[in-house]
Amino acid sequence: MKKGPAVIFREIADKSTFLALMMRHWGSHRMMIGSKLYDCAELPLIGMFTAEGELLAVASWARDGDIAVLCALHSLKEGEGAASRMLEAVKAAAKAAGARKLRAMLTNDNMPALVFYQKHGFRFSGLHIEAIDAYRAMVPTIIKAGYQDIPVHDALELEIEL
1 MKKGPAVIFR
11 EIADKSTFLA
21 LMMRHWGSHR
31 MMIGSKLYDC
41 AELPLIGMFT
51 AEGELLAVAS
61 WARDGDIAVL
71 CALHSLKEGE
81 GAASRMLEAV
91 KAAAKAAGAR
101 KLRAMLTNDN
111 MPALVFYQKH
121 GFRFSGLHIE
131 AIDAYRAMVP
141 TIIKAGYQDI
151 PVHDALELEI
161 EL
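Numbering (this note's numbering), first residue to last: 1 to 162.
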């Protein structure tokens, strides 16, 4: 992965813009990963900024025992490597915090993310048929159709060793 210009990683206190972005893209800022519900409004939010202060990418993650769970990763500058650099920062932070693996959960429609995570070494660790349909009972605002209007029903789980 190419390095790119110098960036600054820091925690973001005001999550309002990020939470609005999550609502717009996914219909919720609460994410079901496995059998747990994570509310990104309650988790630390890490931002990647240029030296001039421009926000390039954000990520939110949590620990679940020796697994780090990636709740959200979003690049605001697609195609420039921001998401890759943000992912590397999350992996380093999770490993420093004692996690052995990093887990991501995607909906069945999210082909761009599926490609992204596999290119970064993630492997399939679970398929949860109709999980998103079941999650809608707890989070009714979850989108019903996503990427290219594909109906959203299932969850794909991917992991990488840290």
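Source of the hints: derived by calculation from the structure; they are not laboratory data. Computed from a predicted model, the values in this text were never measured in an experiment. Note that the Cβ used here is the ideal one computed from N, Cα and C, for glycine as well. Be aware that a few hints might be false.
[What the hints assert, rightly or not] Pairs of lysine-lysine residues, derived as BS3-like cross-links and limited to a Cα-Cα distance of at most 27 Å, are as follows:
| no. | residue 1 | residue 2 |
| --- | --- | --- |
| 1 | K144 | K36 |
| 2 | K77 | K91 |
| 3 | K119 | K101 |
| 4 | K144 | K15 |
| 5 | K95 | K77 |
| 6 | K119 | K95 |
| 7 | K91 | K101 |
| 8 | K95 | K36 |
| 9 | K91 | K36 |
| 10 | K15 | K95 |
| 11 | K15 | K36 |
| 12 | K101 | K36 |
| 13 | K15 | K91 |
| 14 | K119 | K91 |
| 15 | K144 | K91 |
| 16 | K95 | K144 |
| 17 | K15 | K77 |
[Claimed, not checked] Label-pair ranges, simulated between beta-carbon atoms:
| no. | residue 1 | residue 2 | range |
| --- | --- | --- | --- |
| 18 | D154 | E52 | 22 to 30 Å |
| 19 | K95 | A51 | 35 to 43 Å |
| 20 | I129 | F49 | 37 to 45 Å |
| 21 | G65 | E42 | 13 to 21 Å |
| 22 | I8 | A137 | 26 to 34 Å |
| 23 | D154 | F49 | 16 to 24 Å |
| 24 | E130 | E52 | 21 to 29 Å |
| 25 | I150 | T50 | 14 to 22 Å |
| 26 | A89 | I150 | 12 to 20 Å |
| 27 | A97 | F49 | 17 to 25 Å |
| 28 | R63 | I8 | 30 to 38 Å |
Comparing the hints with the structure gives:
1. Only pairs whose Cα atoms come within 27 Å are accepted, and K144 paired with K36 is accepted, the gap being roughly 20 Å.
2. Taking the CA atoms of K77 and K91, the gap is near 20 Å; set against the 27 Å cutoff, the hint holds.
3. With a C-alpha separation of about 17 Å, the suggested pairing of K119 with K101 holds against the 27 Å cut-off.
4. Restraint check: the Cα-Cα separation between K144 and K15 comes to about 25 Å, which is no more than 27 Å; the hinted pair holds.
5. Taken as a hint, the K95 and K77 pair is honoured in the structure, with Cα atoms around 26 Å apart against an allowance of 27 Å.
6. Using a Cα cut-off of 27 Å, the hinted pair K119 and K95 holds, with the two alpha carbons roughly 20 Å apart.
7. Our distance criterion of 27 Å between C-alpha atoms is met by K91 and K101, whose separation comes to about 9 Å.
8. At most 27 Å may separate the alpha-carbon atoms for a hinted pair to count; K95 and K36 meet this at roughly 21 Å.
9. For the proposed pair K91 and K36, the alpha carbon gap of about 20 Å is at most 27 Å, so the pair holds.
10. Taking the CA atoms of K15 and K95, the gap is near 24 Å; set against the 27 Å cutoff, the hint holds.
11. Simply put, K15 and K36 have alpha-carbon atoms about 21 Å apart, close enough for the 27 Å limit, and the pair holds.
12. Taken as a hint, the K101 and K36 pair is honoured in the structure, with Cα atoms around 17 Å apart against an allowance of 27 Å.
13. At most 27 Å may separate the alpha-carbon atoms for a hinted pair to count; K15 and K91 meet this at roughly 21 Å.
14. With a CA separation close to 15 Å, the supplied pair K119 and K91 stays within the 27 Å bound.
15. A hinted pair counts as satisfied when its Cα atoms are at most 27 Å apart, and K144 with K91 does not qualify at roughly 30 Å.
16. The straight-line distance between the Cα atoms of K95 and K144 is roughly 34 Å, outside the 27 Å bound, and the hint therefore fails.
17. A hinted pair counts as satisfied when its Cα atoms are at most 27 Å apart, and K15 with K77 qualifies at roughly 18 Å.
18. Checked against the hint of 22 to 30 Å, the pair D154 and E52 fails, with Cβ atoms roughly 41 Å apart.
19. In this structure the hint that K95 and A51 lie 35 to 43 Å apart at CB is violated, the actual value being about 26 Å.
20. In this structure, I129 and F49 meet the distance hint of 37 to 45 Å, their C-beta atoms being roughly 39 Å apart.
21. The given range of 13 to 21 Å is respected by G65 and E42, whose C-beta atoms sit roughly 18 Å from each other.
22. Between I8 and A137 the C-beta distance comes to about 40 Å, which lies outside the given range of 26 to 34 Å.
23. A C-beta distance of roughly 35 Å is found between D154 and F49, which places it outside the suggested range of 16 to 24 Å.
24. Roughly 46 Å separates the CB atoms of E130 and E52, a value that falls outside the hinted 21 to 29 Å.
25. Between I150 and T50, the C-beta spacing of about 34 Å breaks the proposed range 14 to 22 Å.
26. A89 and I150 have their C-beta atoms about 30 Å apart, which leaves the hinted 12 to 20 Å range violated.
27. Roughly 22 Å separates the CB atoms of A97 and F49, a value that falls within the hinted 17 to 25 Å.
28. Restraint check, R63 to I8: a C-beta distance of roughly 24 Å breaks the suggested window 30 to 38 Å.
The structure is inconsistent with the numbered hints 15, 16, 18, 19, 22, 23, 24, 25, 26, 28, although it conforms to all the rest.
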